[in-house]
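Enquirer: Note that the protein sequences, when read in sequence, are chains A and B. Be aware that the first sequence starts at 1, since it is given in the working numbering, and climbs by one per residue. Be aware that the second sequence starts at 1, since it is given in the working numbering, and climbs by one per residue.
The set of hints was computed from the structure by calculation and includes no laboratory data. Treat each hint with caution, since some may be false.
With a straight-line Cα cutoff of 27 Å, these simulated DSSO-like cross-link-like pairs (lysine-lysine) come out [claimed, not checked]:
1) B:K111 - A:K58
2) A:K58 - A:K129
3) A:K105 - B:K186
4) A:K16 - B:K172
5) B:K202 - A:K91
6) A:K112 - B:K60
7) A:K91 - B:K164
8) A:K91 - B:K186
9) B:K202 - B:K264
10) B:K164 - A:K58
11) B:K60 - B:K222
12) A:K69 - A:K102
13) A:K133 - A:K172
14) A:K170 - A:K154
15) A:K217 - A:K248
16) B:K172 - A:K129
Only a predicted model underlies this, so the values are computations on that prediction, with no experimental measurement involved.
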Amino acid sequence: MSFLTVQDVHHTYFTKDTAVTALSNISLTIEEGEFISFLGPSGCGKTTLLSIISSLLKPTQGTVLLENKPVSTSKNEIGYMLQQDYLFPWKTIEENVLLGLKLSKQLTEETKTTALSLLHQIGLQGVEKQLPKQLSGGMRQRVALVRTLATGPKLLMLDEPFSALDYQTKLKLEDLVSRTLDEFGKTAILVTHDIGEAIAMSDRVYLFASNPGRIHKIFSMPEELRILSPFEARNHEAYTSIFQMIWKELESLEPGKG
Amino acid sequence: MNQEKDKVELLHNHYIQSLKIEKRWVRFYQLIIFLLIFSSWEFLSRMHWIDPLIFSSPSKIWHLGIEKIQDGTLMINLEATLMETVAGFLISTIFGVIIAAILWWSPMISKILDPYLVIFNAMPKVALGPVIIVALSPGYTSIIANGVIISVIITAIVVYTSFKEVDPNYLKVLQTLGATRFQCFKEAIMPASFPTIISTLKVNVGLSWVGVIVGEFLVSSKGLGYMIIYGFQVFNFTLVFLALLVIAVLATIMYQLVGLLERKLIKE
Chain A
1 MSFLTVQDVH
11 HTYFTKDTAV
21 TALSNISLTI
31 EEGEFISFLG
41 PSGCGKTTLL
51 SIISSLLKPT
61 QGTVLLENKP
71 VSTSKNEIGY
81 MLQQDYLFPW
91 KTIEENVLLG
101 LKLSKQLTEE
111 TKTTALSLLH
121 QIGLQGVEKQ
131 LPKQLSGGMR
141 QRVALVRTLA
151 TGPKLLMLDE
161 PFSALDYQTK
171 LKLEDLVSRT
181 LDEFGKTAIL
191 VTHDIGEAIA
201 MSDRVYLFAS
211 NPGRIHKIFS
221 MPEELRILSP
231 FEARNHEAYT
241 SIFQMIWKEL
251 ESLEPGKG
Chain B
1 MNQEKDKVEL
11 LHNHYIQSLK
21 IEKRWVRFYQ
31 LIIFLLIFSS
41 WEFLSRMHWI
51 DPLIFSSPSK
61 IWHLGIEKIQ
71 DGTLMINLEA
81 TLMETVAGFL
91 ISTIFGVIIA
101 AILWWSPMIS
111 KILDPYLVIF
121 NAMPKVALGP
131 VIIVALSPGY
141 TSIIANGVII
151 SVIITAIVVY
161 TSFKEVDPNY
171 LKVLQTLGAT
181 RFQCFKEAIM
191 PASFPTIIST
201 LKVNVGLSWV
211 GVIVGEFLVS
221 SKGLGYMIIY
231 GFQVFNFTLV
241 FLALLVIAVL
251 ATIMYQLVGL
261 LERKLIKE
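Isolated chain A (complex conformation) (with noise of 0.2 Å):
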């Protein structure tokens, strides 16, 4: 049985005017330790789907099995990171990270040694008593991925966290975030609308296409990029092709443009 499950997962938003069907007959399957990424325009669902795998969302139809158990009954087995670090800006670096172990009721001095040391990690030494602004936009989403880490998600979801980065940083932390995940062992699932940063980062690669949300192709990198740094995987010869093949599909999506 797969890690991850989704199983003909509609979803509709209503309004008092309106019906917005968002997501429809969406199935897939996530092996233990992928790094998958949710690829497409705007407005195409992927966020939608992402809330529903959390269970922060109910799906109108269709199920969801973490494990073979349904998502809503896991609790702290997902951890989410949003666009925006959303650090709480009168709590210090330190109560920031360790919120998730509290409110869980699993702070004890271990747990706490364990997600400080993370933090050290990552790269971040003697800002634990700092406000979150005192930060820059690069260290705060690093706290950020700290703070999801700290809790022991066996699945990550990445909403678009490097799209409110600058370039610079954006990479560096594409890297650092690949290879935390790898040293963990972590699943993931990453939301971008970067092609680049897609195939650099992920094994497998889902295409949504919007009107309603579907899965229009899935891309399969090969193994010489998955070895690959996201950083070096942009460098290689590989990834120019993968990435006009991609951008081909994404042209195709969007009759009578471009």
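Fit chain B to the known structure of chain A by using the hints.
Expert: Same frame as chain A, now just chain B:
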């Protein structure tokens, strides 16, 4: 290099000096305005250009103040009013925040209560004064209730609005970390709303004085409000002005204390 550093330090000192000078000028003009108001008040009253019977004069107020301090009546009235105002202020703020929390907790309750809140907020609450006094019998309780009723609903509405405006992504972060609704309230909603709560505190300082003074008008047994209504009835406007000045000083002190609390609570 060292020369450069000295130069920066010198410029910085100049800057600090210029700030000090500016502050001194501000204080100076504030003092001038103060002296101008009171001296012209005194002068106009002595020259009978304004009716001294109605507008009194600073010197008369001063003498009456000393007299009232010596016979102890000012302290008794001041104590009563201050106690009632502080109590009314604290109770209305606490209850206002509790009501706001209940409204946030249950969207259903908030939908049901919405029209009643609007009506109650639009109504002139002081008009309820006579009813409160008869229901709770004249005394501290009814005066405090008068102070509470005037500000509790607006506190609830303003704080509830700020609860609702907290960035939903903070709640999303907490939910993915497995937080309960109570934990969401404690970790995100409440701390994010501190600035709004503080600013309603500032409004409530003024409102609870209104409620309490009106309450004392109606009960007419003790307090600064009683001094005003008594002075009005015996046509002793010096007494009215004395009470007004004391209220102005006390309200300012209370306002400053809230400002102090603000700096304590909101770490910048």
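Enquirer: Do the alpha carbons of K112 of chain A and K60 of chain B lie within 27 Å of each other, as the hint requires?
Expert: Distance of about 69 Å is beyond 27 Å: violated.
Enquirer: Is it true that the CA of K58 of chain A sits at most 27 Å from the CA of K129 of chain A?
Expert: violated, 38 Å
Enquirer: Regarding the pair K105 of chain A and K186 of chain B, is the alpha-carbon distance no greater than 27 Å?
Expert: At roughly 15 Å apart (the allowed maximum being 27 Å), K186 of chain B and K105 of chain A satisfy the hint.
Enquirer: Does K58 of chain A lie within 27 Å of K111 of chain B when you go C-alpha to C-alpha?
Expert: holds, 24 Å
Enquirer: Hint check: K69 of chain A vs K102 of chain A, CA-CA at most 27 Å. Holds or violated?
Expert: With a Cα-Cα distance of about 25 Å, the restraint between K69 of chain A and K102 of chain A holds, given a limit of 27 Å.
Enquirer: Keeping to a limit of 27 Å between CA atoms, is the pair of K202 of chain B and K91 of chain A held or broken?
Expert: Holds, at about 25 Å.
Enquirer: Does the alpha-carbon distance linking K133 of chain A and K172 of chain A stay inside the 27 Å limit?
Expert: holds, 21 Å
Enquirer: Would the pair K217 of chain A and K248 of chain A pass a check requiring their Cα atoms to be no farther apart than 27 Å?
Expert: At roughly 12 Å apart (the allowed maximum being 27 Å), K248 of chain A and K217 of chain A satisfy the hint.
Enquirer: With the threshold set at 27 Å, check whether the alpha-carbon distance from K60 of chain B to K222 of chain B stays at or below it.
Expert: With a Cα-Cα distance of about 23 Å, the restraint between K60 of chain B and K222 of chain B holds, given a limit of 27 Å.
Enquirer: Does the structure keep K16 of chain A and K172 of chain B at a Cα separation of 27 Å or less?
Expert: Roughly 24 Å between the alpha carbons, so the hint for K16 of chain A and K172 of chain B holds.
Enquirer: Do the alpha carbons of K172 of chain B and K129 of chain A lie within 27 Å of each other, as the hint requires?
Expert: This hinted pair holds, its Cα atoms lying about 24 Å apart.
Enquirer: Starting from K91 of chain A, check that the Cα of K164 of chain B is at most 27 Å away, please.
Expert: holds, 21 Å
Hints 2 and 6, counting from the list given before, are not met by this structure.
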